[in-house]
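Protein chains in written order, with the numbering used here: chain A, 1 to 363; chain B, 364 to 466.
Quick caveat, the hints were computed from the structure, so don't treat them as lab data. Be aware that one or more of the hints could be misleading.
[To be verified] Straight-line alpha carbon distances no greater than 20 Å define the calculated SDA-like cross-link-like pairs of lysine to any residue that follow: (1) 442/B with 109/A; (2) 38/A with 421/B; (3) 442/B with 117/A; (4) 41/A with 375/B; (5) 224/A with 75/A.
[As the list claims (entries may be wrong)] If you anchor each label on the Cβ, the simulated ranges turn out as follows: (6) 400/B with 158/A: 53 to 63 Å; (7) 386/B with 108/A: 30 to 40 Å; (8) 449/B with 108/A: 17 to 27 Å; (9) 45/A with 374/B: 17 to 27 Å; (10) 385/B with 217/A: 50 to 60 Å; (11) 80/A with 437/B: 52 to 62 Å; (12) 400/B with 108/A: 22 to 32 Å; (13) 22/A with 386/B: 30 to 40 Å.
[Unchecked claim] Chain A is nowhere near these chain B residues, computed Cβ spacing over 10 Å in every case: (14) 367; (15) 390; (16) 405; (17) 451; (18) 460.
Backbone N, C-alpha and C fix where the C-beta goes; we use that ideal spot for every residue, glycine too.
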Amino acid sequence: MTTMAKKRDYSLVGESTRAAIETGLASAEWYHTDVPRKAMKELMQRSDGPAIRDTIIWLAVIVASAAGIVWFWGTWWVLPFLFVYGVLYGSSSDSRWHECGHGTAFRTRWMNDVVYHIASFMLMRNPVQWRWSHARHHTDTIIVGRDAEIAVMRPPDLLKAALAFTGILDFRYSLPTLVRQAFGTLSDEEKSYIPEMEQHKAVVAARWHVAIYVATIALAIALKSWIPLVLIGLPRLYGTWHMVTTGLLQHIGLADNVVDHRLNTRTVYMNPISRFIYWNMNYHVEHHMFPMVPYHALPSLHELIKHDLPEPNPSMWHAYREVWPVLLRQLRYEDFYLKRELPPTARPYRGEFHEVDMSAAAE
Amino acid sequence: MADWVEACAVDDVEEEDVIRFDHGGRSFAVYRSPDDEFFATDGYCTHEKAHLADGLVMDDIIECPKHNGRFNYKTGAAKGAPVCVNLATYPVKIEAGKVMIQI
Numbered sequence: 001m002t003t004m005a006k007k008r009d010y011s012l013v014g015e016s017t018r019a020a021i022e023t024g025l026a027s028a029e030w031y032h033t034d035v036p037r038k039a040m041k042e043l044m045q046r047s048d049g050p051a052i053r054d055t056i057i058w059l060a061v062i063v064a065s066a067a068g069i070v071w072f073w074g075t076w077w078v079l080p081f082l083f084v085y086g087v088l089y090g091s092s093s094d095s096r097w098h099e100c101g102h103g104t105a106f107r108t109r110w111m112n113d114v115v116y117h118i119a120s121f122m123l124m125r126n127p128v129q130w131r132w133s134h135a136r137h138h139t140d141t142i143i144v145g146r147d148a149e150i151a152v153m154r155p156p157d158l159l160k161a162a163l164a165f166t167g168i169l170d171f172r173y174s175l176p177t178l179v180r181q182a183f184g185t186l187s188d189e190e191k192s193y194i195p196e197m198e199q200h201k202a203v204v205a206a207r208w209h210v211a212i213y214v215a216t217i218a219l220a221i222a223l224k225s226w227i228p229l230v231l232i233g234l235p236r237l238y239g240t241w242h243m244v245t246t247g248l249l250q251h252i253g254l255a256d257n258v259v260d261h262r263l264n265t266r267t268v269y270m271n272p273i274s275r276f277i278y279w280n281m282n283y284h285v286e287h288h289m290f291p292m293v294p295y296h297a298l299p300s301l302h303e304l305i306k307h308d309l310p311e312p313n314p315s316m317w318h319a320y321r322e323v324w325p326v327l328l329r330q331l332r333y334e335d336f337y338l339k340r341e342l343p344p345t346a347r348p349y350r351g352e353f354h355e356v357d358m359s360a361a362a363e
Numbered sequence: 364m365a366d367w368v369e370a371c372a373v374d375d376v377e378e379e380d381v382i383r384f385d386h387g388g389r390s391f392a393v394y395r396s397p398d399d400e401f402f403a404t405d406g407y408c409t410h411e412k413a414h415l416a417d418g419l420v421m422d423d424i425i426e427c428p429k430h431n432g433r434f435n436y437k438t439g440a441a442k443g444a445p446v447c448v449n450l451a452t453y454p455v456k457i458e459a460g461k462v463m464i465q466i
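If we strip away everything but chain A, and leave its shape as in the complex, we get (with noise of 0.2 Å):
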């Protein structure tokens, strides 16, 4: 049998979100894999031991890459302080925006406010905004006309998502948003997630963050100099790949559409050095199931579930491989996805919202 695919329309107040809304796939009870209550209050009590040490090395190598490029401005020697930097600030600062926003990365909630503040900054993220838009994405993940946050839509644009690694479109869009959101507009899709008692705080944290960037190219101009743009605002163009590479494969290839995060979201394992700078955000099948549990738990909880789980990508590698087919077939019919398969162990896929005609796609 042959199907047209049908376009999705990715707006947030357009044709897809009522759709959503009327056939339930709005705000659904999602699948959940059976976690004994006394193990999963283990899992997600909180601590501030682990994320005081990862913020004090994160912030420590920060400060000391900066007097790097300081000390180095004008040489080749530059280039692995500028690289640490960029990752550092470009790409750790996801993470910590992430952890802290749920507010699991310290137990002490002042602790995430301030370090959900720096990352956002670092991001170009309005702090206000992304929270709700966030919150939204845990509702509906990847449920088009819903989640605000879907990296790759369909068809995939694989040019922007090459691009996507350079910060360039990132920066396009954040920059002018913030000043946007700075004189004191919101769009009407930044209105459908952000409740309207919290607008007008969205507003004030974009101007916090435009007269931040204001000041660094008053200082840059008045030093005659590129340094301070360098540690402040560019980062999020050069060192934003990491966070691209780690963070386009929670999704990206899978299923729309389900209520069921084993069919939408990918866990990964990945080497300690990305571990460290995406904060366990590797498993993120795990992370959508139980946002409760805080990322120095992740792996624990990984194996308290797997049995239930599709088998990970073994690499970060082996998931590209396995996407990069994907994309391309989605090129032709964006219906498709790939259906990963679980073990012998787990509860089944549910038929409802799950079963997609992908008939087309095999011509």
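Chain A is already provided as a structure; the job is to place chain B on it using the hints.
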């Protein structure tokens, strides 16, 4: 006039934990604080439909399992985004080893 209803036995709730209690088509969360006091609130988070009995009790805070929204379960006060609306709370008393809530 609100009725007192038996929700559970005292020993059903561990210290610094929460359990679910359903009654009359409604759902509640019953808490036992670290200093061994009992409290009751509506069961579902005011942000989105997630049951607080699956969440984490820390001191006098219940954290929602879905989006990590936090409430003070003793007062029902919402403690910041993504929860903006307070939680309803209910009087609790202990009688003969049973936790009674007034609903």
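Going through the hints against the structure:
Among the hinted pairs, residue 442/B with residue 109/A is consistent with the structure: their alpha-carbon atoms are about 10 Å apart, no more than 20 Å. Distance check on the hinted pair: residue 38/A and residue 421/B sit about 15 Å apart at the alpha-carbon level, within 20 Å; holds. At roughly 17 Å between alpha-carbon atoms, residue 442/B and residue 117/A fall within 20 Å of each other, so this suggested pair holds. Only pairs whose Cα atoms come within 20 Å are accepted, and residue 41/A paired with residue 375/B is accepted, the gap being roughly 15 Å.
Straight-line distance between C-alpha atoms of residue 224/A and residue 75/A comes to about 18 Å, which keeps the hinted pair within the 20 Å bound. About 59 Å separates the C-beta atoms of residue 400/B and residue 158/A, a value consistent with the hinted range of 53 to 63 Å. Evaluation of the 30 to 40 Å hint for residue 386/B and residue 108/A yields a pass: the beta carbon distance comes to about 36 Å. Range check, residue 449/B to residue 108/A: Cβ separation about 23 Å, and the 17 to 27 Å hint holds.
In this structure, residue 45/A and residue 374/B meet the distance hint of 17 to 27 Å, their C-beta atoms being roughly 22 Å apart. In this structure, residue 385/B and residue 217/A meet the distance hint of 50 to 60 Å, their C-beta atoms being roughly 59 Å apart. Between residue 80/A and residue 437/B the Cβ separation comes to about 53 Å, which falls inside the hinted range of 52 to 62 Å. As the Cβ distance of residue 400/B to residue 108/A is approximately 23 Å, the hint placing it in 22 to 32 Å holds.
The given range of 30 to 40 Å is respected by residue 22/A and residue 386/B, whose C-beta atoms sit roughly 32 Å from each other. Listed as a non-interface residue, residue 367/B keeps its Cβ farther than 10 Å from every Cβ of chain A; the least gap is roughly 27 Å. Residue 390/B, annotated as away from the interface, keeps every beta carbon of chain A farther than 10 Å; the closest lies near 14 Å. The Cβ of residue 405/B sits about 18 Å from the closest Cβ of chain A, beyond the 10 Å cut-off, so the non-interface label holds.
Its beta-carbon lying about 19 Å from the closest one in chain A, residue 451/B satisfies the requirement of being farther than 10 Å from that chain. The Cβ of residue 460/B lies farther than 10 Å from every Cβ of chain A, with a closest approach of about 22 Å, so its non-interface assignment holds.
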